[in-house]
Amino acid sequence: MIRLPRLRWSAVLLGVLAVVWLYPVAWTLANAIRPGADIYRAPWDLPWPPAIGNIGEAWNRGQLGAALANSVYVTAMTVAVILVVSVSGAYSLTRLRPPLRAVFFMVVLAPLIIPTDVLIVPIFSMFRALGLINSLPGVALFNVMANVSFATLILTGYFRTIPRDVIDAARVDGAGRIEVLLGIMVPLARPGIVAVAVLVAVFTWNDFSGSLVLIQKPDAFTVQLALTRFSTLYATDQGLTFAGMAIAILPPLLLFLVLQRSFIRGLAAGAIRR
Amino acid sequence: MAFLGRSNRESATDLLFLLPILVILAGFLFYPLVYGIVLSVHDTKGLDLTSFVGLDHYARAILGDAVFHRALVNTFLFTGAAVVLLTGVGLFLAVLVADVKRGRTFFRIVFFAPFVLASVAVGEVWKFLYAPYFGIVASVGSALGFHTLTIAPLADTSTALWAIMVAFLWRFAGFNMVVYLAAIQGLPREYYEYAVLEGAGRFEQFRRITWPLLWPHTFTLVLLTTLGTLRIFDMVWVMTAGGPSHATETVATDVYVTAFRFLQVGYAQAMAMILLFLILLLALVEYRFFERRAEMVSS
Numbered sequence: 001m002i003r004l005p006r007l008r009w010s011a012v013l014l015g016v017l018a019v020v021w022l023y024p025v026a027w028t029l030a031n032a033i034r035p036g037a038d039i040y041r042a043p044w045d046l047p048w049p050p051a052i053g054n055i056g057e058a059w060n061r062g063q064l065g066a067a068l069a070n071s072v073y074v075t076a077m078t079v080a081v082i083l084v085v086s087v088s089g090a091y092s093l094t095r096l097r098p099p100l101r102a103v104f105f106m107v108v109l110a111p112l113i114i115p116t117d118v119l120i121v122p123i124f125s126m127f128r129a130l131g132l133i134n135s136l137p138g139v140a141l142f143n144v145m146a147n148v149s150f151a152t153l154i155l156t157g158y159f160r161t162i163p164r165d166v167i168d169a170a171r172v173d174g175a176g177r178i179e180v181l182l183g184i185m186v187p188l189a190r191p192g193i194v195a196v197a198v199l200v201a202v203f204t205w206n207d208f209s210g211s212l213v214l215i216q217k218p219d220a221f222t223v224q225l226a227l228t229r230f231s232t233l234y235a236t237d238q239g240l241t242f243a244g245m246a247i248a249i250l251p252p253l254l255l256f257l258v259l260q261r262s263f264i265r266g267l268a269a270g271a272i273r274r
Numbered sequence: 001m002a003f004l005g006r007s008n009r010e011s012a013t014d015l016l017f018l019l020p021i022l023v024i025l026a027g028f029l030f031y032p033l034v035y036g037i038v039l040s041v042h043d044t045k046g047l048d049l050t051s052f053v054g055l056d057h058y059a060r061a062i063l064g065d066a067v068f069h070r071a072l073v074n075t076f077l078f079t080g081a082a083v084v085l086l087t088g089v090g091l092f093l094a095v096l097v098a099d100v101k102r103g104r105t106f107f108r109i110v111f112f113a114p115f116v117l118a119s120v121a122v123g124e125v126w127k128f129l130y131a132p133y134f135g136i137v138a139s140v141g142s143a144l145g146f147h148t149l150t151i152a153p154l155a156d157t158s159t160a161l162w163a164i165m166v167a168f169l170w171r172f173a174g175f176n177m178v179v180y181l182a183a184i185q186g187l188p189r190e191y192y193e194y195a196v197l198e199g200a201g202r203f204e205q206f207r208r209i210t211w212p213l214l215w216p217h218t219f220t221l222v223l224l225t226t227l228g229t230l231r232i233f234d235m236v237w238v239m240t241a242g243g244p245s246h247a248t249e250t251v252a253t254d255v256y257v258t259a260f261r262f263l264q265v266g267y268a269q270a271m272a273m274i275l276l277f278l279i280l281l282l283a284l285v286e287y288r289f290f291e292r293r294a295e296m297v298s299s
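Protein sequence lines, in the order shown, are assigned to chains A and B.
In terms of this note's numbering, the first sequence is residues 1 to 274.
In terms of this note's numbering, the second sequence is residues 1 to 299.
Isolated chain B (complex conformation) (with noise of 0.2 angstroms):
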């Protein structure tokens, strides 16, 4: 019994030191989770509540709001693209550069660089490339004798929201290579002087063994990905502001604009409910597809 006390006593003491963090998480997250709850069923005036609306502002989003659809398809779209292409560019140059035998540092210093730079400075640069007359895409195009001069990606509905994606993949294609390069190199040797013994070629020696033992960096990076795509608002913000006419709406883009631009906060709030909703379905989703597969692997 004595000993049970203290070691009772023990973890309470040890729990002492979670207790700002706590206390941060209590006040920055949880509360504003519950109030976000409240705002989001109720009409508002400034910042205001002032009459209970239940569920109609949910119902609005969902059923009549034709920017909102266009923002969650936008959303849904930008996300999807994001995760095949991250993954893909970011195991393709991973294992470009497990394969070269110097200047590792360097090629993973120059595809890791673009990740430390801010969304802000990205989108202006990629705004100025893809500008019409002196941006890459114009000048280097009619170089090679296309009209492309006039041409503007950012500022066409059918092109936008493409040209950010190539930003986008620029920006953050080193963070999954950096990752799986770091898998890859713990590989073990022996598997693939096997395979080389039994004559498997370089695309066979990847789709039999490097694919499916990354297997769980492709689930933790598709889940990363996935979370941090969903909730995309600096680089669109900055590049096109969810235009030209709500091409490139993402969710948050149409949340910032509803709150802050046109005050209405209770509905806004009902939007940013529904994007949670959405990325906590997603990833639960997720997970349980990629535990099913992963039990397969492993029986």
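Here chain A stands alone, though its shape is the one from the complex (with noise of 0.2 angstroms):
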């Protein structure tokens, strides 16, 4: 009988943390289909008839189109890439024994600790001896690197819950390490490596720094660069920019709320088992 009212009270308190906390995107995504004169006049007016236009005038006069093509690109290819190298490393994490086993985990985990924001200068200076300057190329190589140990460390908690025996048996009978790895543990870890592909694609796609250092062709801009370039060029011009945030914001938006409890339970395996 105590109890009812403060359940009440509570779900209330949560219901209006709610509303707080989607604002700001639930106004960015109506500002990006609203006439730009009425973000002034009438900012609290449902965004009615939708301005559809400006969101094709993002795609087209802030070159966002081409943006979207690279940033897909430069995220395409590093999710590939983690894979192929985190499902290899964890694999070996998971087969190795004791001694070589922690020493490498200690290696591989590494990047945790140090970030490569406090290399970002070396990392210029090497890329552009490489020639990966202005080069998609590099900025996905950028992201694998910020990337690769969180998703070897996730796959690693996945293939350790894989019996040891159902490997060994299949060893025994023959079956060699990387027919066992895509034959029957990447299999099992399944929602393990879905979850790690989508991480991977979200920072990757909303990376910053990196394609701010290593990109300065605007024809090589990502969304994320394109988008900042929108708030000084396009200025006065709020319905443009708020379509061009709003442009930028959904895919990882709507990846996620398909995906989310992939997303959060890879996130959460990744923080709490240390």
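Errors might be hidden in some of the hints.
To be verified - Derived lysine to any residue pairs resembling SDA-like cross-links, with alpha carbons at most 25 angstroms apart:
| id | chain 1 | residue 1 | chain 2 | residue 2 |
| --- | --- | --- | --- | --- |
| 1 | B | K127 | B | M165 |
| 2 | A | K217 | B | K45 |
| 3 | B | K127 | A | L250 |
| 4 | A | K217 | B | M165 |
Hints are computed from structural coordinates only; laboratory data are not their basis.
From a predicted model like this one, the values you see are computed outputs, not experimental measurements.
If you follow the hints, you should be able to join the two separate chains into one complex; please do so.
Structural data, given as structure tokens:
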């Protein structure tokens, strides 16, 4: 009897907080299809009729179309490389015996403590020597390096849940390592692989400091770079700026909404299992 | 002997699978780290080393660079506040969400969603929310009768850093909430049932059961927040670029400007190395502190 009002109180508070949390996103998406002038004049009205033209204009005038293509290219390449490297690495970390395993585990986890941000100057210098400035594969490489450790950490966690006997039995039956890895371990760890792919895709899509330093030519701009140029170039046209933000926000947001379970589970696994 | 040889060969083959990641780390982590140390003790022209200067850059940064001092203070203030607020808000949200009977998934999505948005987009959105006249702070405030229409939190040196903090909190609290929520749902029900029998109130239950049992997760989250916040660059860069007059300068923005605007590459890298040293030091201190607390709890 005493519990009822307390429960309702916390639910109300939670509802209010949820509205506060949702507001900036809803506001952005609404302003993206609001006629430019109304953002000042009628910021609280529903955006009706929707000014879909904002989106098209951002796409063409702001060259967001080209930037989106660049970001998709960088993201796809990063995810592909990370999956190969981290599946292979996680296999090794699962199969190695104790003394070696601990040593290499520490090595692989080092980047989690040494952030790429403090190495941005030597990395820039190195990329320039390698001719990787203004190069999309260069940006992908940067993101591979920034994400490979936690990807391997998460996958190792998933691989370790597979009973060793299952793998040993297959090996005794004459299956090769790659056969075991691709035929048994990868299918069993599929939720982990999906989680890693989605996380890496979102982090790469959202990466800013890497492309800020490595990309200078506008035709190699990623979405995030194009977006920062928006607010300076079209500062007076808020409708356009909001449309640009909406375009940049939506892909990771939709990916998250569809795959939120594996997304959150993957992150939590990475954070908790240490 | 034959068995040992075979086992070693097995291990060597297993190790081959680690080769790609080791090559990447050697090339893009350890080499830049070593080269970064070299850069930091040299004067530079463009990106080329000119003369060896020993620890001069470090001495200059630590003893005579007011902007760098400001950046250090800001970075540590911001990180300290982020650790306390993200942990507190994350836990508060988790406790609330764990308490509702229905809609847990919905709330989890709502609070976590900002995490997947790019720092550039989040920064830009909050810049607009803070804008005078039509931003939310200005318009809601004036609708309530306050003279807030011309207020611009990001343009004021006394509020700018904390205005960024609010946006930071909005973006990352959901991550802590998700970790805490999963942990809370895994706590044994019997403890709470027993506490209720003993007549413990809600707050008492939280203080005696939830908080101590969540200690390992608090440790992980504090460490992750520390490591992630000390390097903060993106959101600050997008929202204020370190301004107004260095009020939001962080070490990372200072390094970026010094290296890529003022082209003092060697000096910038010395500042970056100081940041790295402080990151490692703080991680170690936190680790030691929590380790001791964990021993006390378990004994």
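Query raised in the report: Can the restraint linking K217(A) and K45(B) be considered satisfied, given a maximum Cα separation of 25 angstroms?
Result: holds, 23 angstroms
Query raised in the report: Regarding the pair K127(B) and M165(B), is the alpha-carbon distance no greater than 25 angstroms?
Result: Holds - the C-alpha atoms of M165(B) and K127(B) are around 13 angstroms apart, at most 25 angstroms.
Query raised in the report: When you check the alpha-carbon spacing of K217(A) and M165(B), does it fall within 25 angstroms?
Result: violated, 32 angstroms
Query raised in the report: Does the structure keep K127(B) and L250(A) at a Cα separation of 25 angstroms or less?
Result: Status holds; Cα separation ~19 angstroms.
Hint 4 from the earlier list is the only one contradicted by this structure; the remaining hints agree with it.
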